[in-house]
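What follows is the residue order along each chain.
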Amino acid sequence: MSLDAERLKEDFPILRRTFHGKRFVYLDNAATTQKPSCVIDRLSEFYRLYNSNVHRGAYTLAEEATDLYEKSRANISAFIGGKPEELVFVRGATEAINMVAYSYALAKLEKGDTILSTEMEHHSNIVPWQLLQPHGLRLDFVKLSGKGELSLEDFKEKITRRTKLVTFTHASNVLGTINPASEFAKIAHDNGSKVLVDGAQSVPHMPVDVREMGADFYAFSGHKMLGPMGIGGLYAKSDLLEEMAPFQGGGEMIKEVGLDASTWAEPPQKFEAGTPNVAGSVGLSEAVDYLRRLEMSRVREHEKRLSAYALQELESQEGVRVFGPRDPERRGGVISFEVKGVHPHDLATILDREGIAIRSGLHCAQPVADWLGVSATARASFYLYNDHTDIDSLISALGMVRKIFGRRA
Amino acid sequence: MSDIFQETILHHYEHPSNKGMIENPDVKISDTNTLCGDKVTMYARLNGRVLEEVKFDGAGCAISMASASLLTEKAKGMSIRDVIELGQRDVLEMLGLESLTPMRIKCAMLGVRTLQKGLIEYESKRPV
Ligand SMILES: Cc1ncc(COP(=O)(O)O)c(C=O)c1O
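Residue numbers (numbering that gives the first Met the number 0), protein chains in the order written: chain R, 0 to 408; chain F, 0 to 127.
Keep in mind that a hint or two might mislead.
[To be verified] Computed spacing ranges between beta-carbons, pair by pair:
hint, chain 1, residue 1, chain 2, residue 2, range
1, R, Y46, F, H14, 51 to 61 Å
2, F, E13, R, K82, 52 to 62 Å
3, R, R6, F, K18, 49 to 59 Å
4, F, T33, R, S315, 32 to 42 Å
[Stated by the list, open to error] Among chain F residues calculated to face chain R with C-beta under 10 Å, some are:
hint, residue
5, L9
6, T31
7, L34
8, K38
9, C60
10, I62
11, S63
[To be verified] In silico lysine-lysine, DSS-like type, Cα no more than 25 Å apart, as pairs:
hint, chain 1, residue 1, chain 2, residue 2
12, R, K8, R, K21
13, F, K18, R, K339
14, F, K38, R, K339
15, R, K185, R, K157
16, F, K75, F, K38
17, F, K105, R, K339
It is worth saying that the hints were derived from the structure and are not from the lab.
Cβ atoms here follow ideal geometry from the backbone N, Cα and C, with glycine treated the same way.
Using the sequences provided together with the hints, build the complete structure.
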């Protein structure tokens, strides 16, 4: 059975807002997703009934909060096919990638070792590696080719004996491309390299099994999958967490502290210095339950159908150019496009007046824009609560854009 | 309907004034609005402390380009000091707008901020 997006909309109170007198059409889900009532209620319930610090108090409330926190970890971890002790709570994908950069790459790799990233990445999977270059680690990028796929040929060429870590996004936040993660992981592993997958744009939208995929590290953000902001995860294989150096020092991550030296708590606590975002973990766990009830394969099917419809409608518009792969099997619900003669920012401003929220700009992935040869793009991105009427609203508003900008052409 | 995109702005976006470069300018300075990817280069030729010729080049949204175009018209004949003193209100007035969102204000201010930076640099290099 397919998803009933119209009914699902009712679970999201914010979608009942109007802007400039128009129905709210939210098409910026790649930036962040809206939250269902169950997640909002769960957060408030946590603060009303369970708020306490974790792993510390001996009283009942503290035990309840600790229990909720660890149960959330187990639930979220299972959602992506991992074990509880393999999930480190972080702020989001950005922090997860930085953790791998400092606690793994900087601590474990040797001068001259190479990290192989790609031209498709969000800045958060480029800049942390650049920051390691002064420490003698090298950085290389797999090229984009075709309609916006990573070049397998270039990947095989760039991966060398010195490549110790391969990192790539599972799904592009600009082009929509879904990368063949297990195929890439296999090539990396055959070369003896570890694999970090940026799952920020995949775990919210499709079934993900980190073990099947062969990821050694997997990063994701809760706020892009119906959860609260400020919570996300780094999945890492146990043996890697074991050998990694601490990320930050402080409470929670230690076993014993002397004035000269300290010993570390077992992972994942070793990487969670300070009071964690307990409420966030509980909210994200609720979001995961919501997604599980809908079934991720149906979420994926729904977005595939929506993307196919949106691609067809957009491409039939005069003066509209769509970027990224066309085959809905190989792309997610993120569509970047441009309208001839209209800057993406102006486009977004006009759509806003019609109640439609899209993103314009570089989408934190400047190398992709450079590869496309554009200074910015407009981007519509879908989620489970979007339906055909949302796309129809977008298309009819594009007509308005053309009326404003096209009249003297 | 979007009242931002009224006649003046669309006209200057589609038919900009003084677009191009000045050979051997006294001031040449580029800047970008990283948020949107707007890029602008401002050129000025000076006669003493007065801007005798002002041109701009670049690419970006209608607000940033129209604003730069209008600025080249306005700044011509003005003194360095008067240009440096131009603020948000002057730019909005020039565009014929009452207000803009904080995001779009950055677009509107790109040309004038860039030219001002160039003039300040020019002043600091001038022998006293
Ligand atoms: C592919 C990708 N990676 C990483 C991130 C960073 O996520 P966050 O800002 O939640 O850390 C994003 C968010 O835009 C993304 O789209």
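Hints that the structure is at odds with (numbers, increasing)
Result: no hint breaks.
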